[in-house]
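Protein chains in written order, with the working numbering: chain S, 29 to 296; chain L, 8 to 463.
Since no wrong hints were added, every one of them can be taken at face value.
Some residues of chain L that are not near chain S, with every Cβ distance over 10 Å (derived):
| id | residue |
| --- | --- |
| 1 | LYS46 |
| 2 | ARG114 |
| 3 | ARG158 |
| 4 | ALA209 |
| 5 | LEU253 |
| 6 | LYS265 |
| 7 | GLU297 |
| 8 | LYS448 |
In silico lysine-lysine, DSSO-like type, Cα no more than 30 Å apart, as pairs:
| id | chain 1 | residue 1 | chain 2 | residue 2 |
| --- | --- | --- | --- | --- |
| 9 | L | LYS262 | S | LYS225 |
| 10 | L | LYS219 | S | LYS225 |
| 11 | L | LYS21 | L | LYS47 |
| 12 | L | LYS451 | S | LYS61 |
| 13 | L | LYS71 | L | LYS21 |
Which residues of chain L face chain S? A few of them, derived with a C-beta cut under 10 Å, are:
| id | residue |
| --- | --- |
| 14 | ARG231 |
| 15 | ASN242 |
| 16 | PHE338 |
Hints are computed from structural coordinates only; laboratory data are not their basis. A virtual CB, placed ideally from N, CA and C, is assigned to each residue, including glycine.
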Amino acid sequence: MKLKLHTQPEVPLEAESITPDVLNKLKPKEVEKVKLFHGNREVNLGDFFNVSKSKLDLLEVEGDMFKIKYIGANMSSGEILINGNIGPHLGSAMTGGFIKVNGDAGDWIAPEMSGGRIHITGNGGHCIASAYRGASTGVSGGEIIIEGNVKNELGHGMSNATIIVGGMCGDFTGVNLNSGTILTFGEMGIRTGAGMKRGTIICMDNLEILPTFSYDCLYSPIYLKLFFRYIRDKTKIKFDEKFIDGKFHRWSGDAIEMNRGELLVFSA
Amino acid sequence: MSSAIKDNSIVNEKIIEDATCTFCGCCCDDITLTVDLDKKVITKAKDACVLGKAWFLNHVIEDKPIARIDGKEVTLDEAIEEAAQNLIDAKFPIVYGLSDTICEAQRQVVPIVDDIGGTIDTTTSVCHGPSGMAFQGVGEPSMTLGEVKNRADFVMYWGGNPAEAHPRHFSRYAVTPKGMFIPNGKDDRTVVIVDVRQTKTAGVADIFVQVKPGKDFELLWILRGAVKGIEVPENVEEITGVSRELVIDLVNKMKNCKYGVIFFGMGLTMTRGRHFNSGALMALATDLNEFTHFVAKPARGHGNVTGADNVVSWQTGYPFGVNFSRGYPRFNPGEFTTVDTLTRGEADAAMIIASDPVANFPKPAIDHLKSDKCKLISIDTKQTPTSEAAHVSIQTSTYGINTGGTVYRMDDVPISLRPAFDSPFPGDLEVLTKLRKRVNKLAKEKNRPYATSKYI
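Go ahead and model the full structure; you've got the sequences and the hints to work with.
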């Protein structure tokens, strides 16, 4: 199935129906009548998208969709390929499947995701894989790869997921992290890992470490070699080969919480 | 019970005792007003601070039309009809402001937003909104100002300047008053001011802590660590600008006081880190409860901004930035807050109540408000850049001076108002009740799925 945006929405368009779980069972004529929300009005998918059959066995969505929210929400299987920029809440509460975005993504990517994979080739916004306001746990599984830069609060309250960022990160990366792994290649904002309980944050660039973290040692974790090879094979993130066999400073934190988290910083 | 209002028919003067000043969040309710009923002005405001005096004494009844559409004078009903049509036709309308009006009027706004499937946001989103988010994240160790007056022997102000923003906060509630367990007033209290620079507030401090700009979170984190028994780092002065000895002394004082309180301002909530800064401060106060009684409270600005939070929370479950597009309330600051919604050019109608975003929002937001894409409706007590730019503009009477009602003090205590004199302008409550009825009728006529079935 292929959806091509023909009319730019005037106000945010909420499109949680654009997911393989809903659309794969339908014929193109039926897909055009699937309901979306244009602000507070119910509209048909056909009002904004041209629907056609695709040669590929996946759901293809095309257009500049920065005002379109919730694509791939609650997705459990299948694949979405997005060519163009995408708005907030992509892959919200997804449990499985794969979303690939050839473009930039908005804020709040994959909140409450528990499985599946998201791969963004461009930049991401704020609060990627972050817990919703008031929640203590956010993403509880899955994998998110962003090849570009991201903004603040990456992986806020995350549990058991993996995030890879090819570019720069904003402030409070991995804040209140419960568990899981965040690996970043670019420059970091401030207050990384504040309030983290467990989990791992791996940074290639030097960063300002909070005073409640304590230094442990300089070492070369074996699993990182495998991790870097996985990134090299699966993404177009270009990184220096020196990281693969490099040594990392290990910091423990956050002492205010359980002090079971680790912050690995590449030793240049 | 004797009446507090006395008439003096000879000079046509009226004395109003125990009037409430609604200028700032202190909501001082002990002001004695002298009103010249002929000239319709307040001539004296005894016990009011400099801000309160300016609020009362400069209030005049302006010779302006009650309602205008595109600058042309119309009747109130015509303006309400036009506003209702604009709101009901909008796909992503937003209602913003609310902090300078009474709770009864605020209460009318939530069902309007529910019926139009819009977003309701208050001025909290540009001041203590991050604190509202932090309440959800870490909780609020709360109190009333009466408790502070009677019990607090350790008072800390963080990132605020109450000497200039809340002038009577010191004398009425937190620093100098003698309380039940604080018989000697200021002598029984330790007053600590934390700020990035010396302000007038620093003058009352027993201890002034000058933190490096943007390092509040780090200092709070170190204090939290120290309270939990983690050693204060040797380089604390290098990180935060505060000496190690002072940090240790501060922690000891905080742990050993009988009743500690921290008031915090926008130096904390509107600097880098925002809700995490407020969250860290409230978590510090919570942690200290292992040793003593410790509370924290934001020092709120506008007269009834606390009421706006309370009313919107009571009706929707969330304090600000609440969206009803899908018929149920959703809270997401950044997505549904006014500055962001306008800056991204999303809102196609905006009703601004008792606020002036055209004067103080970022330029892209103002440009969108003034553009043809957004129908701007203004309900305000004065002529402002927003009311001038508005498609529909309704002028209302001023709360606390011309109309009565309920406001919430910054510690969530409701206080009744005692208006001084009548105004030719209608009250916010009257205008918004009419608008609510009209919007509800239109929503039903247009078969909007979320139209509320009846008034509650």
